[in-house]
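Asker: Quick note: the sequence shown uses the UniProt record's numbering, first residue 1, plus one each step.
Where hints are given, some of them may not hold.
[What the hints assert, rightly or not] Keeping only pairs whose Cα atoms sit at most 30 Å apart, straight-line, the calculated BS3-like set for lysine-lysine is:
no., residue 1, residue 2
1, Lys495, Lys324
2, Lys332, Lys495
3, Lys166, Lys83
4, Lys455, Lys290
5, Lys392, Lys425
6, Lys243, Lys61
7, Lys332, Lys269
8, Lys64, Lys239
9, Lys447, Lys386
10, Lys345, Lys492
11, Lys207, Lys161
12, Lys243, Lys425
13, Lys495, Lys345
14, Lys102, Lys166
15, Lys315, Lys239
16, Lys503, Lys461
17, Lys269, Lys345
18, Lys345, Lys165
19, Lys61, Lys103
20, Lys503, Lys239
21, Lys425, Lys503
22, Lys328, Lys345
23, Lys492, Lys461
24, Lys103, Lys83
25, Lys239, Lys165
26, Lys251, Lys269
27, Lys297, Lys200
28, Lys328, Lys243
29, Lys83, Lys243
30, Lys503, Lys455
31, Lys103, Lys161
32, Lys324, Lys103
33, Lys203, Lys269
What the hints contain is simulated information worked out from the structure, not anything from laboratory work.
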Amino acid sequence: MDLECNEHEISRTKVPQSIQECCVNCVRILCFKQLNRNIISYYGPDKNILTLYNKVIESEKYCKLCGKSLYQGTDSEIMKQFKLCSDCYLISSGCIESTLVKKQFSILYLPWWHDGTHCDACDSMCTYISDCQKYCANCYIFYTGCRYCLTTNIIFGPVYKSQCKKCKRISSINSEFDDFIFSNIAYDNLCKLKLAEFSKIIKNIDKYFRVPDILSPIFIKIEKGVIEWIPYSQFTDIKEIAKGGYGIIYKATWLRCITEIVVLKRFEKSKNMAKYFLNELKLYQQCCKKYSGRIIKTYGFTKDSELNDYILVMKYASEGDLHKYLQKNFTKITWNNRKLHILWKISRGNYRWRIGDLGLSQAVNNKSFNDEIYGVIPYIGPEIFKGSAFSKEADIYSFGMIIWELTTGCKPFYNVEHDHTLIYKILDGERPRITDDTPECYASLMKSCWDADPKKRPSIKIIRSTFDRWAFRRVNGAEFDQAEAKRTKLIKSKKIGPEFAEKRHSEAIYTSRPLSALISKCTSIYSSSTISFGKQGITKKIDCNINSLFI
Numbered sequence: 001m002d003l004e005c006n007e008h009e010i011s012r013t014k015v016p017q018s019i020q021e022c023c024v025n026c027v028r029i030l031c032f033k034q035l036n037r038n039i040i041s042y043y044g045p046d047k048n049i050l051t052l053y054n055k056v057i058e059s060e061k062y063c064k065l066c067g068k069s070l071y072q073g074t075d076s077e078i079m080k081q082f083k084l085c086s087d088c089y090l091i092s093s094g095c096i097e098s099t100l101v102k103k104q105f106s107i108l109y110l111p112w113w114h115d116g117t118h119c120d121a122c123d124s125m126c127t128y129i130s131d132c133q134k135y136c137a138n139c140y141i142f143y144t145g146c147r148y149c150l151t152t153n154i155i156f157g158p159v160y161k162s163q164c165k166k167c168k169r170i171s172s173i174n175s176e177f178d179d180f181i182f183s184n185i186a187y188d189n190l191c192k193l194k195l196a197e198f199s200k201i202i203k204n205i206d207k208y209f210r211v212p213d214i215l216s217p218i219f220i221k222i223e224k225g226v227i228e229w230i231p232y233s234q235f236t237d238i239k240e241i242a243k244g245g246y247g248i249i250y251k252a253t254w255l256r257c258i259t260e261i262v263v264l265k266r267f268e269k270s271k272n273m274a275k276y277f278l279n280e281l282k283l284y285q286q287c288c289k290k291y292s293g294r295i296i297k298t299y300g301f302t303k304d305s306e307l308n309d310y311i312l313v314m315k316y317a318s319e320g321d322l323h324k325y326l327q328k329n330f331t332k333i334t335w336n337n338r339k340l341h342i343l344w345k346i347s348r349g350n351y352r353w354r355i356g357d358l359g360l361s362q363a364v365n366n367k368s369f370n371d372e373i374y375g376v377i378p379y380i381g382p383e384i385f386k387g388s389a390f391s392k393e394a395d396i397y398s399f400g401m402i403i404w405e406l407t408t409g410c411k412p413f414y415n416v417e418h419d420h421t422l423i424y425k426i427l428d429g430e431r432p433r434i435t436d437d438t439p440e441c442y443a444s445l446m447k448s449c450w451d452a453d454p455k456k457r458p459s460i461k462i463i464r465s466t467f468d469r470w471a472f473r474r475v476n477g478a479e480f481d482q483a484e485a486k487r488t489k490l491i492k493s494k495k496i497g498p499e500f501a502e503k504r505h506s507e508a509i510y511t512s513r514p515l516s517a518l519i520s521k522c523t524s525i526y527s528s529s530t531i532s533f534g535k536q537g538i539t540k541k542i543d544c545n546i547n548s549l550f551i
């Protein structure tokens with residue numbers, strides 16, 4: 001065999017049926033008979049490609065295996081299409097047992113090489129395991145090709161190995177996927193496949209079929225998921241950047257078709273509560289589908305093979321969070337311009353301000369799986385400490401704290417310990433001190449958000465409308481102008497702003513954590529105080545004056 005062939009001598013005889021041209025000197029394949037399904041749309045009007053395409057089409061008017069004419073009509077479009085003989089290119093199906101998840105999966109044996117880069121079911125970009133193996137991280141469909149026969153097995157579920165139906169060669173498969181997630185998410189999706197109907201279609205094929213069309217009836221019910229499974233091996237340069245209540249936050253490089261910096265959010269000990277992680281992951285998917293432009297993008301999830309912790313893969317926000325933005329730009333964020341615009345954008349879900357952490361979301365009015373209360377004390381509505389479920393009204397209380405944060409550049413109750421004593425003080429009516437430059441109308445809105453009675457808090461619709469009138473219609477404009485003049489003096493005298501604020505207390509904790517123990521301690525210590533303790537905990541009403549809110 002001459003591997004340094006200077007001039008190829010083309011042979012079209014005695015070559016495998018999948019090859020169009022082969023050099024008789026060096027046995028180098030010059031042209032595959034099989035064509036890329038999207039070759040024309042991909043290369044456009046390239047004359048050389050079109051010439052090659054038409055050349056192969058011309059050679060395939062008759063089946064080279066049986067000599068049968070594939071098409072005798074006059075439709076020019078059908079004549080141009082690449083066709084395969086239904087008698088010689090047999091498609092078959094069957095079942096394969098997966099020792100990985102202890103389930104049986106359907107398998108299709110295709111007599112051609114699957115050349116597409118996207119999944120036929122959901123159009124997601126496939127993840128390549130090797131040059132002849134790929135899988136869909138969204139619906140767990142595996143495409144394994146035999147490089148010797150140029151055939152493909154489509155396996156509807158994860159397995160360790162695949163066998164070519166023609167030459168019987170066995171190839172191993174390693175996708176690093178998570179069997180638990182598959183069993184509870186992807187398997188239900190694959191059950192929607194119309195494999196029975198597909199078998200009937202195959203039996204009724206007359207003379208020929210087109211590769212792009214033959215598989216489409218199977219996949220019409222598979223939807224593209226919001227987040228996908230990503231192998232942990234695709235991440236490198238992993239560096240810890242923060243710790244949260246649920247786990248650890250990392251910055252990492254994602255090695256895919258385009259290298260990208262991402263955030264890895266590890267949920268510690270999630271291997272011990274996989275079912276609950278799964279339920280909340282499904283809720284997260286629902287939120288992403290409905291509010292995709294308002295939540296920071298989550299690409300998918302993975303699992304550390306050593307610690308067995310689940311990890312969310314999220315878009316990296318290079319500018320940081322709202323608190324860092326306020327600290328960096330506090331003097332520039334004026335009353336009569338940027339403060340109100342920022343809050344208006346947040347209240348209406350503007351795409352430039354996105355929710356970066358759902359804290360593993362739950363449905364409204366649901367309690368956590370173990371009846372534990374998780375959160376950050378200053379942002380939790382007092383009714384939650386008394387046993388009420390999280391609600392939209394509780395979210396308004398939290399938003400009221402964000403409104404306050406824009407006036408100071410500091411987080412609420414940053415200078416005190418976040419313990420049972422702070423919980424008691426919040427229940428007793430204590431709220432963050434309002435700065436001297438805060439307009440009365442703005443202060444009234446904050447107080448209404450902080451009302452101890454959830455029913456008295458304004459809706460987000462009312463809040464958004466209020467910011468709209470202040471920011472764009474100059475309602476209470478003179479009041480905000482006066483506030484800005486006062487704010488400027490306070491900044492110059494170093495009486496306001498994050499850099500002049502009192503030092504943050506070492507036990508002021510702003511990561512979500514379990515709070516039930518602190519709440520119980522608060523109840524037991526202060527049970528004899530002037531505040532009454534009923535069956536549901538501490539009860540006390542705090543009235544806020546909201547009469548001037550909508551002047």
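Asker: Determine for every hint whether it applies to the structure shown.
Answerer: Taking the hints in turn, this is what the structure says about them:
1. Lys495 with Lys324: holds (20 Å)
2. Lys332 with Lys495: With Cα atoms ~16 Å apart, Lys332 and Lys495 stay inside 30 Å; holds.
3. Lys166 with Lys83: Holds, at roughly 21 Å.
4. Lys455 with Lys290: Roughly 26 Å between the alpha carbons, so the hint for Lys455 and Lys290 holds.
5. Lys392 with Lys425: holds (23 Å)
6. Lys243 with Lys61: violated (65 Å)
7. Lys332 with Lys269: violated (43 Å)
8. Lys64 with Lys239: With Cα atoms ~58 Å apart, Lys64 and Lys239 exceed 30 Å; violated.
9. Lys447 with Lys386: With a Cα-Cα distance of about 20 Å, the restraint between Lys447 and Lys386 holds, given a limit of 30 Å.
10. Lys345 with Lys492: Judged against 30 Å, a Cα distance of about 29 Å means the pair holds.
11. Lys207 with Lys161: violated (33 Å)
12. Lys243 with Lys425: holds (27 Å)
13. Lys495 with Lys345: With a Cα-Cα distance of about 28 Å, the restraint between Lys495 and Lys345 holds, given a limit of 30 Å.
14. Lys102 with Lys166: Holds: Lys102 and Lys166 sit about 26 Å apart, inside 30 Å.
15. Lys315 with Lys239: holds (15 Å)
16. Lys503 with Lys461: violated (36 Å)
17. Lys269 with Lys345: The given pair, whose Cα atoms are some 36 Å apart, is violated under the 30 Å limit.
18. Lys345 with Lys165: Between Lys345 and Lys165 the Cα gap is close to 59 Å, so the pair fails against 30 Å, i.e. violated.
19. Lys61 with Lys103: Cα-Cα ~43 Å, so violated.
20. Lys503 with Lys239: holds (28 Å)
21. Lys425 with Lys503: Measuring from Cα to Cα gives roughly 20 Å; hence the hint holds.
22. Lys328 with Lys345: Holds: Lys328 and Lys345 sit about 19 Å apart, inside 30 Å.
23. Lys492 with Lys461: violated (36 Å)
24. Lys103 with Lys83: violated (35 Å)
25. Lys239 with Lys165: violated (46 Å)
26. Lys251 with Lys269: This hinted pair holds, its Cα atoms lying about 20 Å apart.
27. Lys297 with Lys200: Given that 30 Å is the threshold and the Cα spacing comes to 41 Å, the pair is violated.
28. Lys328 with Lys243: holds (22 Å)
29. Lys83 with Lys243: violated (58 Å)
30. Lys503 with Lys455: With a Cα-Cα distance of about 35 Å, the restraint between Lys503 and Lys455 is violated, given a limit of 30 Å.
31. Lys103 with Lys161: holds (14 Å)
32. Lys324 with Lys103: Roughly 49 Å between the alpha carbons, so the hint for Lys324 and Lys103 is violated.
33. Lys203 with Lys269: violated (51 Å)
The structure shown violates the earlier hints numbered 6, 7, 8, 11, 16, 17, 18, 19, 23, 24, 25, 27, 29, 30, 32 and 33.
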